[in-house]
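Engineer: Chain by chain, the residues:
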Amino acid sequence: MATSPRATQKKFEPWTEPDAKPYVRIEKVTKKFGDFVAVDDVTLDIYKKEIFCLLGASGCGKTTLLRMLAGFERPTSGRIYIDGVDMTAIPPYERPVNMMFQSYAIFPHMSVEQNVAFGLRQEGVPKAETARRVGEMLELVKLGQFAKRKPHQLSGGQRQRVALARSLVKKPKLLLLDEPLAALDKKLREHTQFELINIQETLGVTFIVVTHDQEEAMTLSTRIGLMNHGEIVQVGTPSEIYEYPSSRFVAEFIGSVNTFEGRLIEDEPSYVRIACDDLEAPIYVDHGVSSAPGATVWAAIRPEKIHLSRGKPEGADNWAAAVVRDIAYMGDMSIYLLKLDSGKVVRVTQPNVHRHSDDRITWDERVYLHWYPESPVVVTK
Amino acid sequence: MNRVLKRLGLTGQGLVTSVPYLWLVLFFLVPFVIVLKISFSTAAIAMPPYAPLLHWVSEKVVQVQLDFSNFMFLVEDNLYWKAYLNSIMVAAISTILCLLIGYPIAYSIARSPPSSRNILMLMIVLPFWTSFLLRVYAWIGILKQNGLLNNTLMWLGVIHEPLQIMQTYTAVYIGIVYSYLPFMILPLYANLEKMDLTLLEAASDLGCKPWQAFYKITLPLSQPGIVAGCLLVFIPAVGEFVIPSLLGSPGMLMIGKVLWTEFFNNRDWPVASAVAIALLMFLVIPIMYYQRAQDAEAGGGLHR
Numbered sequence: 155m156a157t158s159p160r161a162t163q164k165k166f167e168p169w170t171e172p173d174a175k176p177y178v179r180i181e182k183v184t185k186k187f188g189d190f191v192a193v194d195d196v197t198l199d200i201y202k203k204e205i206f207c208l209l210g211a212s213g214c215g216k217t218t219l220l221r222m223l224a225g226f227e228r229p230t231s232g233r234i235y236i237d238g239v240d241m242t243a244i245p246p247y248e249r250p251v252n253m254m255f256q257s258y259a260i261f262p263h264m265s266v267e268q269n270v271a272f273g274l275r276q277e278g279v280p281k282a283e284t285a286r287r288v289g290e291m292l293e294l295v296k297l298g299q300f301a302k303r304k305p306h307q308l309s310g311g312q313r314q315r316v317a318l319a320r321s322l323v324k325k326p327k328l329l330l331l332d333e334p335l336a337a338l339d340k341k342l343r344e345h346t347q348f349e350l351i352n353i354q355e356t357l358g359v360t361f362i363v364v365t366h367d368q369e370e371a372m373t374l375s376t377r378i379g380l381m382n383h384g385e386i387v388q389v390g391t392p393s394e395i396y397e398y399p400s401s402r403f404v405a406e407f408i409g410s411v412n413t414f415e416g417r418l419i420e421d422e423p424s425y426v427r428i429a430c431d432d433l434e435a436p437i438y439v440d441h442g443v444s445s446a447p448g449a450t451v452w453a454a455i456r457p458e459k460i461h462l463s464r465g466k467p468e469g470a471d472n473w474a475a476a477v478v479r480d481i482a483y484m485g486d487m488s489i490y491l492l493k494l495d496s497g498k499v500v501r502v503t504q505p506n507v508h509r510h511s512d513d514r515i516t517w518d519e520r521v522y523l524h525w526y527p528e529s530p531v532v533v534t535k
Numbered sequence: 142m143n144r145v146l147k148r149l150g151l152t153g154q155g156l157v158t159s160v161p162y163l164w165l166v167l168f169f170l171v172p173f174v175i176v177l178k179i180s181f182s183t184a185a186i187a188m189p190p191y192a193p194l195l196h197w198v199s200e201k202v203v204q205v206q207l208d209f210s211n212f213m214f215l216v217e218d219n220l221y222w223k224a225y226l227n228s229i230m231v232a233a234i235s236t237i238l239c240l241l242i243g244y245p246i247a248y249s250i251a252r253s254p255p256s257s258r259n260i261l262m263l264m265i266v267l268p269f270w271t272s273f274l275l276r277v278y279a280w281i282g283i284l285k286q287n288g289l290l291n292n293t294l295m296w297l298g299v300i301h302e303p304l305q306i307m308q309t310y311t312a313v314y315i316g317i318v319y320s321y322l323p324f325m326i327l328p329l330y331a332n333l334e335k336m337d338l339t340l341l342e343a344a345s346d347l348g349c350k351p352w353q354a355f356y357k358i359t360l361p362l363s364q365p366g367i368v369a370g371c372l373l374v375f376i377p378a379v380g381e382f383v384i385p386s387l388l389g390s391p392g393m394l395m396i397g398k399v400l401w402t403e404f405f406n407n408r409d410w411p412v413a414s415a416v417a418i419a420l421l422m423f424l425v426i427p428i429m430y431y432q433r434a435q436d437a438e439a440g441g442g443l444h445r
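Residue numbers (our numbering), protein chains in the order written: chain A, 155 to 535; chain B, 142 to 445.
No lab work stands behind these hints: they were computed from the structure.
Note that the coordinates shown come from a computational prediction; the quantities given were computed from them, not determined experimentally.
Backbone N, C-alpha and C define an ideal beta-carbon position, used for all residues, glycine too.
Fair warning: there could be bad hints in the mix.
To be verified - Facing chain A, from chain B, some residues (calculated, C-beta under 8 Å): (1) 337; (2) 345; (3) 346; (4) 350; (5) 358; (6) 362.
As the list claims (entries may be wrong) - Capping the alpha-carbon separation at 27 Å, the derived lysine-lysine pairs in DSSO-like fashion look like this: (7) B/357 / A/281; (8) B/350 / A/281; (9) A/327 / B/357; (10) A/281 / A/325; (11) B/357 / A/325; (12) B/350 / A/186; (13) B/350 / A/327.
Stated by the list, open to error - Between beta-carbon pairs, the in silico distance windows are: (14) B/355 / A/233: 29 to 39 Å; (15) B/222 / A/337: 52 to 62 Å; (16) B/355 / A/257: 14 to 24 Å; (17) A/281 / B/360: 20 to 30 Å; (18) A/182 / B/299: 53 to 63 Å; (19) B/360 / A/289: 23 to 33 Å; (20) B/382 / A/275: 48 to 58 Å; (21) B/173 / A/281: 44 to 54 Å; (22) B/299 / A/306: 53 to 63 Å; (23) A/281 / B/436: 24 to 34 Å; (24) B/436 / A/302: 12 to 22 Å.
All chains, full assembly: derive it from the sequences and hints.
Structural biologist: See below:
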């Protein structure tokens, strides 16, 4: 996972404060296209100055939700409030909301400057002020010297910044970004992610970002809303979503994970033990689980939280024996694919701490896996 | 085969790209030069009815005799000026009418569901499958004194006297607009159909009401389609001969009719050719200027 620049900042968690008022409130919103339910009874509160990412695979309804916030689609039922005002029936041209389109939708017959000034002219902002604000915005996105260019003379990254400047210059209460970085190459994307966060912090605008790229969501967002089949599956900070997935779907969507199906054999408030068909030893988890006794549960363990050793680990729980099937050297770490005796393949990543080591675990070796009691996440669905 | 081509200094690619040039030379440049030549010669009672340009004075000397009087004649006799201006006016008004009618049609077809677009466009082009001449004759049946239109209006009680439409400019406009409308719609449709509709959403997002978005985004972006459609209507309409002669009055001065009269009635090929050459110049020069300006805008930007 990419490191989040948010981690270094002071705490910004309005959603944990009981008296904080949500800035954007999506209330029981459903959108149907004929018989197809694109967005299914979504309720969501988003707070001022958040970067909220709607994450999901294509067709999960995230773009439809975004388009309803912009006003391009009307909800079939439910209401949308922005800063306390009911926006459900307000047309897009009267909403205090701007959108950055995935295709950027830059007007090809206008120069960079004219594109950025478009919204202000439309609003009837005086000429001098328009010129000043457009100039400032172009400086902010580092396009000052390209003001007179036409869109077809710009690179992809420059166009992306024109689109950003154009949507920010009207000082919207809410900026909607539809896959803002999807069209950029990898290097530029990483760089732009940080720039986007800086700009957001400079201007203090609330962002809602739609993306299918989990890494982008992890890097950008204060919180992620993971969507599947038109529903919000889980809302949480990037680390909550990653470390405390609420379901198998979430665990498997974000990052990679090994899931073991099993039954609770010991169910205490302070710990549980799970017996899995794929594992010789039971899984011991150091926290309680709310589940019916005897019900099927899944223990999800992230690849980086499993350790490899040649000697058999101590203790009766949380280990397995396996044979190394494949190793992928990634530079900063290596990915091991290990086959358990049951035939199940487990993925383990190990950081390459030392530059050179003759004693690395290698192909076809028989090794032991083990993990700590706090590492598995137990989900019941 | 390849060896033969090589010996001739031709490559396969060169051969392919030479096709349009060959076509243009054969069917445009050569006839043009012939007409140009005739326009500079003197009328004569001969076969063909003009004197040759080149005289062999002696064995090695060729005398070229250019007769500018045909062009002078065009300037001196105000009949030609009037005919040119009248034709340009009729063509311009027809073009504007075609644009006003054609734009909404092209726009609504381009914005209709994709499944019905092709059918609608087919119906726009369908009249071409009947002879042009027949369709103009059919308009006589509709517009004449006791034609379809007058009879219907009288039967409905809207009018009591038949309207005189035939042999007026109205009839000519109806004929030209009807015949050339598809030439306006086709390029406009091609342009409007490929427009990126998210641009309109972006405009709406930035505060444009739908009509403002049309005026500020759709209209300027459809400019190439408008220009192409107007040229396709205007150019043939200026030289139009059939429609004014069938639907218009004999007294109407149109350059196409003047050309016809010079050529067939007066048998004055040099003056007829001069009329044609002058017409070509009237049409080509503004178009070339326009093209130049367009190129300068597109190219000038690139080098900035």
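Engineer: Confirm or reject each hint.
Structural biologist: How the hints compare with the structure:
Evaluation of the residue 337 of chain B hint against chain A yields a held restraint, the C-beta minimum of about 7 Å falling below 8 Å. Among the interface hints, the one on residue 345 of chain B holds; its C-beta lies about 5 Å from the nearest C-beta in chain A, closer than the 8 Å criterion. The restraint placing residue 346 of chain B at the interface with chain A holds, with a minimum CB-CB distance near 5 Å, inside the 8 Å limit. Of the supplied interface hints, the one on residue 350 of chain B holds, with its beta-carbon coming within about 6 Å of a beta-carbon of chain A, less than 8 Å.
Proximity of residue 358 of chain B to chain A holds as hinted, the smallest CB-CB distance being about 6 Å (cut-off 8 Å). Because the smallest distance between the Cβ of residue 362 of chain B and any Cβ of chain A comes to about 6 Å, under 8 Å, the interface hint for this residue holds. Taking the CA atoms of residue 357 of chain B and residue 281 of chain A, the gap is near 18 Å; set against the 27 Å cutoff, the hint holds. In summary, the hint linking residue 350 of chain B to residue 281 of chain A is supported, as the alpha carbons are separated by about 21 Å, within the 27 Å threshold.
Only pairs whose Cα atoms come within 27 Å are accepted, and residue 327 of chain A paired with residue 357 of chain B is accepted, the gap being roughly 25 Å. For the hint linking residue 281 of chain A to residue 325 of chain A, the alpha-carbon distance of about 17 Å falls within 27 Å, and the restraint holds. Taking the CA atoms of residue 357 of chain B and residue 325 of chain A, the gap is near 22 Å; set against the 27 Å cutoff, the hint holds. Distance hint between residue 350 of chain B and residue 186 of chain A is fulfilled; the C-alpha atoms sit about 26 Å from each other, no more than 27 Å.
This hinted pair checks out: residue 350 of chain B and residue 327 of chain A have alpha carbons roughly 20 Å apart, not beyond 27 Å. The hinted range of 29 to 39 Å is satisfied by residue 355 of chain B and residue 233 of chain A, whose Cβ atoms lie roughly 30 Å apart. Checked against the given bound of 52 to 62 Å, the beta carbons of residue 222 of chain B and residue 337 of chain A, roughly 58 Å apart, stay inside it. For residue 355 of chain B and residue 257 of chain A, the hinted distance range of 14 to 24 Å is satisfied, since their beta carbons lie about 20 Å from each other.
About 23 Å separates the C-beta atoms of residue 281 of chain A and residue 360 of chain B, a value consistent with the hinted range of 20 to 30 Å. For the pair residue 182 of chain A and residue 299 of chain B, the supplied restraint of 53 to 63 Å holds, since their beta-carbon distance comes to about 58 Å. A C-beta distance of roughly 28 Å is found between residue 360 of chain B and residue 289 of chain A, which places it inside the suggested range of 23 to 33 Å. Between residue 382 of chain B and residue 275 of chain A the Cβ separation comes to about 49 Å, which falls inside the hinted range of 48 to 58 Å.
Range check, residue 173 of chain B to residue 281 of chain A: about 52 Å between beta-carbon atoms, so the 44 to 54 Å window is met. Remark: the range hint 53 to 63 Å for residue 299 of chain B to residue 306 of chain A is upheld by a beta-carbon distance near 54 Å. Between residue 281 of chain A and residue 436 of chain B, the C-beta spacing of about 32 Å keeps the proposed range 24 to 34 Å intact. Range check, residue 436 of chain B to residue 302 of chain A: Cβ separation about 19 Å, and the 12 to 22 Å hint holds.
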